[in-house]
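Sequences listed follow chains A and B, in order. Residue 5 is where the first sequence starts when you use my numbering, and the numbers rise one by one after that. Residue 543 is where the second sequence starts when you use my numbering, and the numbers rise one by one after that.
Hints were generated in silico from the structure; no laboratory data involved. Source: prediction; values computed, not measured. Incorrect hints may appear among the rest.
What the hints assert, rightly or not - Computed footprint of chain A on chain B, listed as stretches where at least three residues anywhere in the stretch have a Cβ under 8 Å from a Cβ of chain A: (1) 650-661; (2) 843-857; (3) 863-872.
Backbone N, C-alpha and C define an ideal beta-carbon position, used for all residues, glycine too.
As a plain string of letters, each chain reads:
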Amino acid sequence: MDKTSFSSNEGKPIRCKAAICRKAGEALVIEDIHVDPPQAYEVRIKILCTSLCHTDLTFWKLDFGPISRFPRILGHEAVGVVESIGENVEGFKQGDVVLPVFHPYCEECKDCKSSKTNWCDRYAEDFISNTRRYGMASRFKDSSGEVIHHFLFVSSFSEYTVVDIAHLVKISPEIPVDKAALLSCGVSTGIGAAWKVANVEEGSTVAVFGLGAVGLAVAEGARLRGAAKIIGIDTNPDKFELGKKFGFTDFINPTLCGEKKISEVVKEMTEGGVDYSFECVGLASLLNEAFISTRMGTGKTVMLGMEKHAAPISLGSFDLLRGRNICGSLFGGLKSKLDIPILVDHYLKKELNLDSFITHELTFKEINKAFALLEEGKSLRCILWMDK
Amino acid sequence: MEKTSMFSIHEGKPIRCKAAVSRKPGEALVIEEIHVDPPQAYEVRIKIICTSLCHTDVSFSKIDSGPLARFPRILGHEAVGVIESIGEHVNGFQQGDIVLPVFHPHCEECRDCKSSKSNWCARFADDFLSNTRRYGMTSRFKDSFGEDIYHFLFVSSFSEYTVVDIAHLVKISPDIPVDKAALLSCGVSTGIGAAWKVANVEKGSTVAVFGLGAVGLAVGEGARLRGAGKIIGVDLNPEKFELGKKFGFTSFINPTLCGEKKISEVIKEMTGGGVDYSFECVGLPSLLTEAFSSTRTGSGKTVVLGIDKHLTPVSLGSFDLLRGRHVCGSLFGGLKPKLDIPILVDHYLKKELNLDSFITHELKFEEINKAFDLLVQGKSLRCILWMNK
């Protein structure tokens, strides 16, 4: 990476390309934009590659409510290299390979200092502002000088972006960057859910509802912990073959269950229910099935999917009273700056399978094709390479 | 207890004694003469010394429809007794032992009993509708007409004698005053267990308890002994507040005085964002939602101990859950009766655990309907009913 090209832009706006979402559900438009220099506690990053996650799809289509904003630069799963840093930025310098992460870790608040949770009290409540510390200020302007909204504090569908240091993780330059990008969202969420939130132990039984990247990553995490049985549930049978690579031992296709509920099938397969179940889709009704699929007295259910309609979760009171546990988790309970480097390390030691998550590779300009592939259920993770 | 020939007189034969029978939903119990059959294999016949009343008894005395409604029935499940005779294959119990009958089973053989992760008992706990654990719907009670009387929660302590399966029996030290011991067979153990085992309250944490009955006050006692920093009690009855101070409560909220504010909002204000642990000890789904929202985002844990008779589903905000809260339910405070109750007895004998303050009334067995009234009117906490000596 040529350092002179970096220092020439330091302190000045950069003109580059970005894929802008101007209208809900319409194709993104590749346009020239301006990216302002980083302010205090911020870093400007040159994106190397980025991948698409269902959350990008959800927000791309959202056309009403306070979190619907246009024009906006989506994308939140990516890897980049630091181009320049703002004031008061320690621990990052030009040329560092970094992962921007939607989930904050300020390292200073009561929750960041506690080992019990990955909640960040200073920031996590507010995911609507453009820039973390500066509220609705944006670092992006289009060619008409109009402000473009950020997304989840990352906005990686752009050659350059500006990220708050609470959302940035420095990683080893040894890991292939496309594998590293996966760890900035979905795959880390799944592995974290299995390791940190559920704490799956050797010999336990697991059921995963929804075999997208998050669900498959849960299985990978459970496999590495020595789970004895890992059941995958999905309406798309194409996921089953892929699932075997991640440790799934059994599969259930709900459309083929007839009159039986999924939970009944799971209970039959496991003599009373699984030790752990994970909901990785985002449907209140499915979460209920996941909940009653677990064993009475000890079962634990982890909610990872964001309910599409913000519908409340409804649980049977007796099912709960008899000893089941349920919890939710963002980013798999991981504290980004501490835990992502650990996952990078596992990959470098060939203990963690990241390669199988990547099913497609395209250039950044083909981004709308990547959206189509994901929507049609034909891809798992599609890497979009920025021009070098 | 003198091991006179009085016990062996009845061995192997039915005993004729008095019991308070629930014959019609919502009506006063009737003291009648009944017959109690001898214990079969794996069973023990017990002479009840004293028994107390718990809200669950009141609820079941009123159920008039559905599979849980059974008449005539002998209620009562919080008690202490002495063993009169034992059936075949009974190890670890003998005539004269002081025992607590417990509604929650502990068979010690199934996969869950052997696991330290829960107090579920897979062999038995699913089936709480049968009369006698191993023998399905057979009953050991007959009224004076020879008609079967239903058991209740495998204990049926509103009777001078009862028959209990050994999976529901705990031998305890004779050193503890029996009326204090009786409290440990249900409500108080549930509350302490919830604080110690289920939530695992640590020093300095903040706690909110919804419902200050015996279970809720016991949660407070358990949290106090763990060194909780703040223990907030929520109840509509302000008289519970004075009593609550004895159990470690540091603050109180009366929902009727909160005005427009939700209970959870008040709690969040009092604690800078929410409590570490909340406990629902009433059995109202709307209250559970409040208990859930009262906990700290990202790490808060809610323990459900109460249940409503309509089995209304519980509703939780999906985003509140997604951001990291935990919810779990628990029967008998997560305790394994035969292992954990003796530990609580020990704490009491070492003067570390306050049981005395739970007992607000003492009556004779014949006055049992008065005890029901006192509880329903919210005037008593635990009323001990002494059997005739």
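Outcome of the hint check:
Note: the segment 650-661 of chain B has 5 residues with beta-carbon separation from chain A under 8 Å; the three-residue rule is met and the coverage holds. Residues of the segment 843-857 of chain B with a Cβ under 8 Å from some Cβ of chain A number 9, which satisfies the need for three, so the listed coverage holds. Restraint check on the segment 863-872 of chain B versus chain A: 10 residues with Cβ-Cβ distances below 8 Å, three needed, restraint holds.
Going down the numbered hints, you'll see the structure goes against none, and every one checks out.
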